[in-house]
Amino acid sequence: MKYLYFLLLLIPNLASSQIYSGNFCFKYPNFVQKEGYEMNRSAFSTSENRQKGLYLIQYSLDRKKIEKKFHPNSWESAGYLGGMIYDRIGNLYTFSAPHVNLIDNPPTKNNNIYIVDNQTAELSLWKQLPITTKDFDENPFGVMAMTYFCTGNCIYASTISGSKRYEENGKVYCIDEKTKELKDSIQNFDGFGLCVISINGKFSLLMGNCRNSNLYSIDLNENGKFIGKPTVIYSIENVGPRGDDKIRKLVYNNKDNTLTINTLEFNYNLAAILNRPESVIKIKYDLANKKWDRVL
Amino acid sequence: MKYVKFIALCIPLILFLSLSLTAQISNKEDIENSKIGYQVSETKSPLIDQRKAKVNFYMQSPIPVIPLENLSNEEKLVQDFCLKDPNFLKFTKDNKGQNYLNEIFGIYPARPGDINPKLFNDSTKYYRVELFNFVLNISTIAVVDAKNMKFVYLNYYESSQPDIPLSLKELAIEIASKNKDVIAELGFNPDKKDALMPNTKTSLNKTRCERSHHLCVAPTFIKNDKALWAIVDLTDLKIAGIRWTNVGTTGPSLVTERSIQDDKITACYCEKLNNLKKDNWEVNYHLTTSDGLEIVDVKYNNLPVIKSIKLVDWHVSYSSTDGFGYSDAIGCPFFSQAAVYANQPPTVSDLVLNDKIVGFVIDQQYFNPGWPLPCNYNYVQRYEFYKDGRFRVTTASIGRGCGNDGTYRPVFRIALQNAKEFEEWDGNQWIKWNSEKWTLQSETSPLTKENYLYTIKTNNGGYFVEPNIGQFNDKSRGDNAYTYVTISKQDEGENNLITIGPCCNSDYRQGPEKFIEPTPEPFDNNELVMWYVPKMRNDDRKGNEYCWAESVLKNGVYTAEVYPCFVGPMFIPFK
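Going down the list, the sequences are from chains A and B. Counting from 0, one number per residue, gives the positions in the first sequence under numbering that gives the first Met the number 0. Counting from 0, one number per residue, gives the positions in the second sequence under numbering that gives the first Met the number 0.
Don't read these hints as lab results, they were simulated from the structure. A portion of the hints provided could be inaccurate.
[Stated by the list, open to error] Facing chain A, from chain B, some residues (calculated, C-beta under 8 Å): (1) E209; (2) P332; (3) N367.
Owing to the predicted nature of the structure, the values given are computational and were not obtained by experimental measurement. All C-beta atoms in this analysis are idealised placements derived from N, C-alpha and C, irrespective of residue type, glycine included.
If we strip away everything but chain B, and leave its shape as in the complex, we get (with noise of 0.2 Å):
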């Protein structure tokens, strides 16, 4: 008997723990199945067509502010008021008088509390103004006399967004409702009425699009258990992530833009090895703390031609001030030792030569929140796989920094499987390294006529590797590397690596060079890993722009125009 009531206690306790443990799970095929703004498809809409035109039109006009319709008498005189006013208008222009993105969310009678009670005069109406403007996200609110046409209160609100007027909140429905990705994911075709939050029948649900600070609300669609979000990006008319969470206590209260990123990124490819198949390549990868995209046992025909390759760090220096610049580590969004992160999943396309697919590339970018304004980075990690059984290891700054006097150095570890031997070419010979040691490819170091400067020799023959001098269509300038071999170990980078150099030094040592000094070893058949360090300088000057980023208004919105700088080596196999 003690024993059944034993078991009559414990079920209650297993079926909650066996609940709790399906959430969970639940939960993390949500986050799986979580889509990122670039992997949504476009809503096509001719109410988005008629926004777009509506935008296109007040961005052209001398006061580019988008007027509210369907307006009273009254309130059309007031809103004319305002849009006549130097001091309402104030923030709807750059100060070089270029035209922001600003429109006129609400007029309403002002409520008691909008009015200073000395400066109440019940024989007259006071209508409450507000003003968005979607790129500085600044509500400039005024409290109008209607009688006598004057302010009674006129200020301005930083990261502040009023209530969304009615033309917007049916086109965020519209955007989400029509959407083939969202209506895939629901299995029908939702009603206007499904997006809006089930206990008010008025409300979009709340959200925040904290990486573009663009202005956005998210229509929900509840499904038996199950919320589908929808993030819609008002100032781009996309939509920026969709997600299923849980309705209730075991879903988080609130999805955005960046928890999207952040949680897809790290289920999965921080906790996950991603395998990719194609062109004859198989290519393991994963995003891991500190040390950017790692690529790990790559084959190529079936034959192990990669063990591990990877980015341990970015060195920044600025040369106007000494010592000062920044050694950073790349890698997941959180729980790592990042300083720039991730903030979209590696991405695989296409490699097109004189308009041949002859390869595909794995993408992987990182970047600061402020970005691409100043002292804010963006890095780009690209593996190309050419059919042919070539590779090239490369990245790329995309700006901006500290200021136009920058030099990058981004560190790689390139391990091949058995690599066995190195050599490198003096001019007339192959000239084989016996023991760990670096080298700086300049100006004047010889190259063969393939512009082959090194080999690593492995069991099935090895590498060519041909720096890069500018030769590979990416408008950059060269490497001007520093080379590096050492013995294979466990400790020197195997594993994840901390920061593995100082920022600010303009010589050999960027960091491989504690696996070499004071004493370096014999390489003893043992196997060998290169490091590969080059080096670029930033140009913001007009038409030579390199390693820059610069914001552009377009259309009363900031976009960003890049000019990365590529670097890194070509690896050519031989037989």
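Same shape as in the complex, but just chain A (with noise of 0.2 Å):
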């Protein structure tokens, strides 16, 4: 019935909407319920101040204080992570992200994804996106971000594993859901944030680049794979204190048809920075003059 309900809410809006996101049938995952959370007023977080791994957190229903933490060993088990992605299922992906240093994180184990089974909550390896490197010195990242396409039964993941101060070796991979199977590739590119839309039926991913404050997209098949070469759309350049951002995370907001751009710092080095030196800006596409518009 809730399904029925959903997706009730969610045809007519995508029907009116010409512009959507291309993870609309993500799932939160089944065990939040049976571990006793709320989703409502829970979060998943792997950013939690001095903490290693995932974490469930409630909050109280005021929303002022954390009533409660879920955390089992599980997810302590491969070190510090980075962000989380969701399937049709509600499996949880997230990924090998090293903090101030790589004890926890060695750099062979930074092209790992990582899945938490919707069921049991357990975390394991997912996926290890191919290494083609020993040599860690300049560069000891690898996975930077994921997203999650319905239609094309896609998870992507940028990666900038093997990438060198002078040579942008990084790729951004289309994987099979289902088979593991990398689908498609793009090489010799440093991506950061990973976003689907679908603009007037056709769908594209957006991405970020490491190297620069760029915009970048894509377009994709019915099956997920690339078509083409990636193109800037729009630039965060000279934008924000820094001025030099990159584009780390990029989610695009059916409701208010915005994509919001999550900036940050980076410079390919494992800077401690107490204050994480970050914005938030929201743009919306303009289907007149079709370009991107900063919404202030």
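Dock the two chains into a complex; use the hints.
Here is the structure:
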């Protein structure tokens, strides 16, 4: 019944909206409720202060304090973790993300993608993307972001493993969500934040880049494979207090039809900065003029 | 004929590639020849002296705001009204009532967008007033109804700087155009108009001072197809950096304090081995991606004495929180594993003892951008080379850390040339070590009468090792160091090491024990490596500060007072 309700809400929204996000079918894990947590006042987090791994945190009804935390042993087994996505069943995916040093995140594991099972809540290795280097001196990083594409049955992951100061060797992969096969890839591109959107029925993958402040787009076919090459569609250069932030996270909001861009100062190092140097900006697509404009 | 056509087709490609290569080489040279702030001489000018006097005057005033000058009567009244209002002055002092440096940047007739249409009254005149706080980087923007003398709008904007007033623009141009280093770079004395952006004729180039968080602008001088950026820090009244770029699309669109620092450090010290010959020493040094400033292939009187010395990790633990701390690598500012990175190049200076120059020092500093705020770190590496052949390997924390219960443990890797034997003083004689092991220097560890604890024997004699017990006139409280000796192996630290040990062990498990356990190897005439891990406790007690830093408000801006804690042994040669 609840799925029918969801569809009844979604279909008119999609039909009336000419732009929508590609992960529209995602679901939160079933174990949330099983463990006695309420999703409407809980959140998953991999960035708790001084805490390693993944946490499920429930806030009090007035949202003023933390009521309880869920953190089974397996959620710490992979070291520090990055952002999260969910698939259509409710599995959660995350990736290895070094924090300050490499003790818990050796470079050989930084191309790992982990899955948290929708039913059991166990964290395990889902896919290790190819590691093409043994030299991590100049760059200890691997996976930087992921996104889910319902129609194409793809999980996209950007990785900068193997990239060096003067060689952009990063890749963006399209990974089949069922078979884990690497269906397609963009080569020599140090991708950062990712998001699939549909504009007038045509899907494209939006991407940040770890080396510059540009937002790129590449068309997708119905199987999630890439068409053509990435092109610059917007830039956040000179925006914000630092002026050269990179695009770390992209979220398309179906409700107000804006793209939220979380930016971050990133220089391919493990700089430990207490107050993370990041900003949030919003842009909106002008269908008539086919361009993105900042929402102030 | 087809070959002629082929060659004709290739020529444009060849031209494009060679131009592109030339631009890359030129860009690299520009980076290497750029100057970071401390390398630029101070500009001398009466305008700067007048500015300093004005700042001093207003910082002693009850209202620490430099007012705008050359105003109409009405504008003066508006300014006076604002400077009496506590809400307008909200951010002009800190919470202890100490003065910040503030200035009225502009008073203009308000623009239509500045006023809420519902409040607009066309029988009166509105003025927009812009106040800037140099320390907090907060702009206070107000719109004043000049007839009724009341605010119709008042708000505060963080990390925001209004357009600078004409007086500051002229000051920035003066600081840049009269600077000896700028003149030397240009090869001529520039006019004031030469500093302005050619397309506007009125504006200075935008820039940022991301490290100092000061107000900066960039007078830029064009010469042929190049532009010389002079980043002027209007808080310190100095030049924060100088750099040439190519005019047009082959150069960076924005040159900032951080980009000059990071690009120069990377090009000159991360990507290059530097050679220094001085006082009978020859030292090669470079910045690594995770092991700090490394000295390699060091000779004294033309004899090789040091193979490699570097600082592998900083371990910082906090006793009041179990397991909380950091294990940080130090090194290059980007494309590295550094958590605390170099923000300026290494410096070479005289080593002075009792007013005599006895050698030279190579210093390298590393920091987090938020230092000296809490949970930000600042480290110094220092190598001392004495004319008589001694050398000292030292480092210091300059605070501030996450609390006053911090313990710091830097991990040195010291590989002398042909080091074959290691001995420890037991109070009566030298005891030779025969296999890999570790030891702890405590307060009761016996030292020779010269304060030596170890010897390292090489093919040409060797070195006594004198641990620091506070005898080196640097206010140190001693090393209390773990010392490890291992056989030299390529995969045990010859290349860059990722973090070698956890933050918070209080025993011998600081990282180098990995190369000893589980089965220590006999030395068997192999080359040896010494690992040295001193320990320092920070201290924030007034008058006893150690490994500490404080931000102090002086003349309206924050400056750092530092209390370094130097540690590290002296090496004394013997034949």
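Against the structure, the hints:
no.: 1; hint: E209; verdict: holds, 6 Å
no.: 2; hint: P332; verdict: holds, 7 Å
no.: 3; hint: N367; verdict: holds, 6 Å
Against the hints set out earlier in the document, no violation occurs for any number.
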